[in-house]
Amino acid sequence: MRRLLEFLFPPKSESAAIARERLKIVLAHERANRDAPDFLPALQKELLDVVSRYIEIRPDMIRVNLGKSGETSLLEINVEIGEAKAKPASAEAKAGIIASFEPAKPAPSAHPG
Amino acid sequence: MAKVVVVTSGKGGVGKTTTAAAFAAGLALRGYKTVVIDFDVGLRNLDLVMGCERRVVFDFINVINGDAKLNQALIKDKRSDNLYIFPTSQTRDKEALKRDGVERVLDELKRDFDYIICDSPAGIEHGAITALYFADSAIIVTNPEVSSVRDSDRIIGILASKSRRAERNQEPVAVQLLLTRYAPERVHKGEMLTVEDVKEILSIPLLGVIPESESVLRASNTGTPVVFDQESPAGRAYLDAVARFLGEQRELRFVTPERKSLFRLIFGRA
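Taken in sequence, the protein lines are chains A and B. Quick note, in my numbering, the first sequence goes up one by one and the last residue is 167. Quick note, in my numbering, the second sequence goes up one by one and the last residue is 272.
Source of the hints: derived by calculation from the structure; they are not laboratory data. Be a bit skeptical, because a hint or two may be false.
Once the Cα atoms are required to be at most 30 Å apart in a straight line, the calculated DSBU-like pairs of lysine-lysine come out as [as the list claims (entries may be wrong)]:
| # | chain 1 | residue 1 | chain 2 | residue 2 |
| --- | --- | --- | --- | --- |
| 1 | A | Lys122 | B | Lys201 |
| 2 | B | Lys201 | A | Lys78 |
| 3 | B | Lys164 | A | Lys78 |
| 4 | B | Lys164 | A | Lys122 |
Given the structure is predicted, the values throughout are model-derived calculations rather than measurements.
Turn these sequences into a full structure, and let the hints guide you.
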């Protein structure tokens, strides 16, 4: 009886719908990243070089991100300096380039362009 | 003005060479002088699909390196006066396909041909990038299947950023979707992505849908582009796609399940 029913009304396997949803999600993600400029790693490295002239800092304490906030792109640079120690006064420091810094606050964000 | 058309997909095995052969032959049948070039250096196969594997003497790399003249390497198709095949080399040096050399050869071909069809290798490496770099239009060959759709999306992105038109800020490469190996019965059962699904996900214009068909394997077995098989749904679907490519209006065919007769349902065959 069940076989007859299945023959007359085959159960629908909706795997195509699953494929469609999975594709939409993965492609939305990949398209967002595809448009990301490839200078971010270089920017991060140079920032690290500059900051580490003044404070002892590990590479993972600087994070550079390109995001979106509504219509505007947001270049977000976070420098975590909570446990960082100031380096002994260097020539630049004497010239008054660095000021004091407060620990572990999110760094200011800049809008590119 | 000659047009350079790349047949590409990202993913392998979706029907690029079949499509390049069918499309080139279709354009030739419509009266356009057409050459189809194999860009898959090291894995030459267009010659087999076109049925001219025993006539290859010189190849693409020979011409680029100046070891042979273009007209020595071009193979004239025996079925159509308008159709020429330009085979690639079997060298293992993939970098042999130098961009300036390719440009020189394409410029020379542009003087004699209406359409230059570039059969891209799979992947997004040097060969695939070289194949799409000079394109005016692109045919994105896609199967209704997740990995193929994802790779097509990737290659569409590359066309928009890495092609010569993109680099020069010219009008972008005209990208069109060709859905191949489409099985209407499976779509109907909800087992396969629909034409509309793929079109919506990739959001590019649809050039055609080629149904899964026995005639495609038969065509490659015998080295005959499938458009020469007037009986086959795939061959007719390719000719429709060629017509749309030329700007004509054609209804989509072969996208709904064939109606099976009661006789066929009971006895399993017609």
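Consistency of the hints with the structure:
1. A/Lys122 / B/Lys201: holds, 27 Å
2. B/Lys201 / A/Lys78: With a Cα-Cα distance of about 12 Å, the restraint between B/Lys201 and A/Lys78 holds, given a limit of 30 Å.
3. B/Lys164 / A/Lys78: holds, 24 Å
4. B/Lys164 / A/Lys122: Holds: B/Lys164 and A/Lys122 sit about 24 Å apart, inside 30 Å.
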